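Following the hints, position chain E against chain S.
Each chain, written out:
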Amino acid sequence: MLLRAPAPPPKDVDLSRTYDAVIVGSGAAGGMAAHVLTSHGLDVLMLEAGKKLDIEAELKSMEWPYDHPRRGEKPYTSHALRFNEYTVRQPPYAQGSPWKTVDSYVQGWGGSDYTKNIVVNEQDHPYTGTRYAWVRARVLGGKTNIWGRLALRLSDYDFKAKTHDGYGDDWPISYADIAPYYDKVDLYLGIAGHPEGLPHLPDSLFQRSTRLNAAELRLRQSMARSGRVLTPYRAGVTTDGLKHNKYRSRCLGRGACGRRVGGCDIHAAFDSPTGLIYPALDTGRLTLRTGSIAREVTVDPGTGKARGIAFLDAGSGQALEAKGRVVILAASTLESARLMLLSRSPQHPNGIGNSSGHVGHNFCEHVMGPGVYGFFKDLAGKPRTIDDGRPGGFYIARYRNLRERHPSFIRGYGFEGSSGTEMFPSTTRLTGFGASYKKAVREMSSAAVHMGGFGEVLARYENAVGLDPEVKDKWGIPVLRFSFQFGDNERKMAADMADTAREMFEEAGIDVLHVDRKVLTEGWSIHELGTARMGTDTRTSVLSPFQQSHDVKNLFVVDGSSHVSASCQNPTWTIMALAWRSCDYLADQLRQGSL
Amino acid sequence: MTLTRRDVLRLAAAAAAAPLVPRVVVAGAAPAPAAGRFFDAAQMALLDELTEMIIPQDEHSGGARAAGVAAYIDGRLGEYDASIPDLREEREKWKAGLALVDATAREVAGTPFLAATPEQRVAALTRLAAGEEDPKTDGERFFVELKRWTTFGYYTSRIGIHEEMEYKGNTLLAEFSGTDPATLPTVRPHEDPKPAKP
Numbered sequence: 000m001l002l003r004a005p006a007p008p009p010k011d012v013d014l015s016r017t018y019d020a021v022i023v024g025s026g027a028a029g030g031m032a033a034h035v036l037t038s039h040g041l042d043v044l045m046l047e048a049g050k051k052l053d054i055e056a057e058l059k060s061m062e063w064p065y066d067h068p069r070r071g072e073k074p075y076t077s078h079a080l081r082f083n084e085y086t087v088r089q090p091p092y093a094q095g096s097p098w099k100t101v102d103s104y105v106q107g108w109g110g111s112d113y114t115k116n117i118v119v120n121e122q123d124h125p126y127t128g129t130r131y132a133w134v135r136a137r138v139l140g141g142k143t144n145i146w147g148r149l150a151l152r153l154s155d156y157d158f159k160a161k162t163h164d165g166y167g168d169d170w171p172i173s174y175a176d177i178a179p180y181y182d183k184v185d186l187y188l189g190i191a192g193h194p195e196g197l198p199h200l201p202d203s204l205f206q207r208s209t210r211l212n213a214a215e216l217r218l219r220q221s222m223a224r225s226g227r228v229l230t231p232y233r234a235g236v237t238t239d240g241l242k243h244n245k246y247r248s249r250c251l252g253r254g255a256c257g258r259r260v261g262g263c264d265i266h267a268a269f270d271s272p273t274g275l276i277y278p279a280l281d282t283g284r285l286t287l288r289t290g291s292i293a294r295e296v297t298v299d300p301g302t303g304k305a306r307g308i309a310f311l312d313a314g315s316g317q318a319l320e321a322k323g324r325v326v327i328l329a330a331s332t333l334e335s336a337r338l339m340l341l342s343r344s345p346q347h348p349n350g351i352g353n354s355s356g357h358v359g360h361n362f363c364e365h366v367m368g369p370g371v372y373g374f375f376k377d378l379a380g381k382p383r384t385i386d387d388g389r390p391g392g393f394y395i396a397r398y399r400n401l402r403e404r405h406p407s408f409i410r411g412y413g414f415e416g417s418s419g420t421e422m423f424p425s426t427t428r429l430t431g432f433g434a435s436y437k438k439a440v441r442e443m444s445s446a447a448v449h450m451g452g453f454g455e456v457l458a459r460y461e462n463a464v465g466l467d468p469e470v471k472d473k474w475g476i477p478v479l480r481f482s483f484q485f486g487d488n489e490r491k492m493a494a495d496m497a498d499t500a501r502e503m504f505e506e507a508g509i510d511v512l513h514v515d516r517k518v519l520t521e522g523w524s525i526h527e528l529g530t531a532r533m534g535t536d537t538r539t540s541v542l543s544p545f546q547q548s549h550d551v552k553n554l555f556v557v558d559g560s561s562h563v564s565a566s567c568q569n570p571t572w573t574i575m576a577l578a579w580r581s582c583d584y585l586a587d588q589l590r591q592g593s594l
Numbered sequence: 000m001t002l003t004r005r006d007v008l009r010l011a012a013a014a015a016a017a018p019l020v021p022r023v024v025v026a027g028a029a030p031a032p033a034a035g036r037f038f039d040a041a042q043m044a045l046l047d048e049l050t051e052m053i054i055p056q057d058e059h060s061g062g063a064r065a066a067g068v069a070a071y072i073d074g075r076l077g078e079y080d081a082s083i084p085d086l087r088e089e090r091e092k093w094k095a096g097l098a099l100v101d102a103t104a105r106e107v108a109g110t111p112f113l114a115a116t117p118e119q120r121v122a123a124l125t126r127l128a129a130g131e132e133d134p135k136t137d138g139e140r141f142f143v144e145l146k147r148w149t150t151f152g153y154y155t156s157r158i159g160i161h162e163e164m165e166y167k168g169n170t171l172l173a174e175f176s177g178t179d180p181a182t183l184p185t186v187r188p189h190e191d192p193k194p195a196k197p
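Chains S and E, in that order, are what the protein sequence lines are. Take 0 as the starting number for the first sequence in numbering that gives the first Met the number 0 and just add one per residue. Take 0 as the starting number for the second sequence in numbering that gives the first Met the number 0 and just add one per residue.
Just to be clear, a hint being listed does not mean it is correct.
To be verified - Calculated cross-link-like contacts (lysine-lysine; reagent style PhoX-like; alpha-carbon spacing at most 25 angstroms):
| no. | chain 1 | residue 1 | chain 2 | residue 2 |
| --- | --- | --- | --- | --- |
| 1 | E | K92 | S | K99 |
| 2 | E | K92 | S | K381 |
| 3 | S | K517 | E | K135 |
| 4 | E | K94 | E | K135 |
| 5 | E | K167 | S | K376 |
| 6 | S | K10 | S | K245 |
| 7 | S | K59 | S | K304 |
| 8 | S | K59 | E | K167 |
| 9 | S | K473 | S | K115 |
It should be emphasised that the hints constitute simulated quantities derived from the structure, not laboratory data. Since the structure is predicted, the reported quantities are computational estimates derived from the model, not experimental observations.
Same shape as in the complex, but just chain S:
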């Protein structure tokens, strides 16, 4: 049942030829570009900075903690940054560190040994400026190897948010433009969820939903009285299997989702390598080059168009160039912006595609931190179910600023939560010691419910990244300097998250043990968006509605940098739907000779 096909053999890279397209990055966006373009019969070269890992050997999803020499923890010579380090200190956080490696905060969670080769060593990849918890994965598949799997659609409440409340800018597309592509992503990659018919959180073409447990069902029923919707976790996970993909198994509820930084070694959860890249390799039209550190989009001096990508070989340090008729950036929101800014030429003195000066600006994301933890006390001591045998617990759809207008902030937030038994009991946080403590940990573990909010951070021109004039990374490439801070709207929204979270728990009869009001450091949500936004006005936007550079027609940027606003929904599914749509357009234009 768990036997899956091994990764297809690599193809030889030929840097002397001009590929139809060169893609930088192999995460959700790059993987999707590779899938769509190869399915159109194009020859594609994908450059990935990191390695291709033997991911099953890394993740070992079902290893018991006691069978690991450090109970799943990475070697003790490695340090994961903590909340107080992000807030007290300034980047670069790993500067002068005596540790052998320094990781972002996610490696401070349990099971960090299984993901130690996925995330970057902060010592090699510094950044400067304002405080920011930047989480990066330089490896084939990028962050899709460890993503949280929540797969949500945006609606016209998001695409037309300015029309709705007057702030910022509308997207140059509407839900009707992207809906067919959400459908394609759903069917090709698999998504589990339950249809609710909400206009502000459109349903996907769902496979079998995960189930709610008793506590979650009671919370749902209580919330329904006020018209708020708690729905089973909408997971980018195939629960029924995918007949067209031999690399992925359906979800078997093993419990690995909840106890690790992330990773699914049977690939029921979507990841870019098995979901997109391996099938693209099987077409024979995708060539993959790992260990390729992109540093510049090269330009044809005659036409000013993109010629390819200048990159360094990670092993030898050799400077090389890959050439393509089209260049596609999918290196992540911040890395794609960095690459554009690094690509200065006489034709593009501010960086390629940056005649508007908006590259790096309008940077937005999600604010998080506020949440609540409590108990359905009458479930205490009841037989425990395998509550962590699911890709997630529940999601509470946005309810602010839809019909009503909140007096103190605009836009909205949703909650991710779960309840019940996990391998490592959440109830260890109870105070005290001794026999009664031990009994309380045991008996209350089935009654515990917790959730945390994710709210929209407004896109603001002044929230930006630029190049640091001095600091360089391990490869000698200038690093990003952040100028990014939450504002008043985010702080008021966060306060409302904490207040309403408590109210919803109390109305449902959940005894609240703890309300977290703390706003986590900028970056914590790992949902960076909007540094090269789409638009129709070439003076205030970077990309067309098809993620095509206004300035350079054969340059596309298909990752989250194109988003005009952050919405409060997790972005991965939207990134892939947009990339699919843009690559369909790209293939069509290439066929017509318009690029």
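For chain E alone, kept in the frame of chain S given last:
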């Protein structure tokens, strides 16, 4: 009645006040404590007793002692690279913390911790645990750290996972046995289906 943080604290205080510890006295002479990889024999004996007091054996399952939690903590500290200042400091804090436990026992009972009666030991540990939610002294901070490592060591052990928590996951499931969403009543949103037209 709602269970508040204060209630939980009160529960813990009541537990600490009740004569729970003597119920589980190991019969016969305990084996002579051995030195660990990091701690000496006396420190290992003290650490072993402290972890067992935090998560004791009860009628349901074995405690921290049976789960080898002290050896886990000792092994972890023993593996630390002392050339890294944070790790060197953490090690020092553990030795200092154990000394603080003895100092607290001297204040409470006039003897080192292991020479005190079970009731006196509970009183000393209760004093260190009093600031658990907002530790202010080195002793209180040590208790938080000691408990964090003890719970991690215990609930990741065979005994903790299988006997105490009777965890049934980490296995292949045909389907999670929750509520079939098909049976969920529809929730009718109160919002208008479309945002205002431009």
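Query raised in the report: Which numbered hints are broken by the structure, listed smallest first?
Result: Numbers 2 and 7 - these are the hints that the structure violates, sorted from lowest upward.
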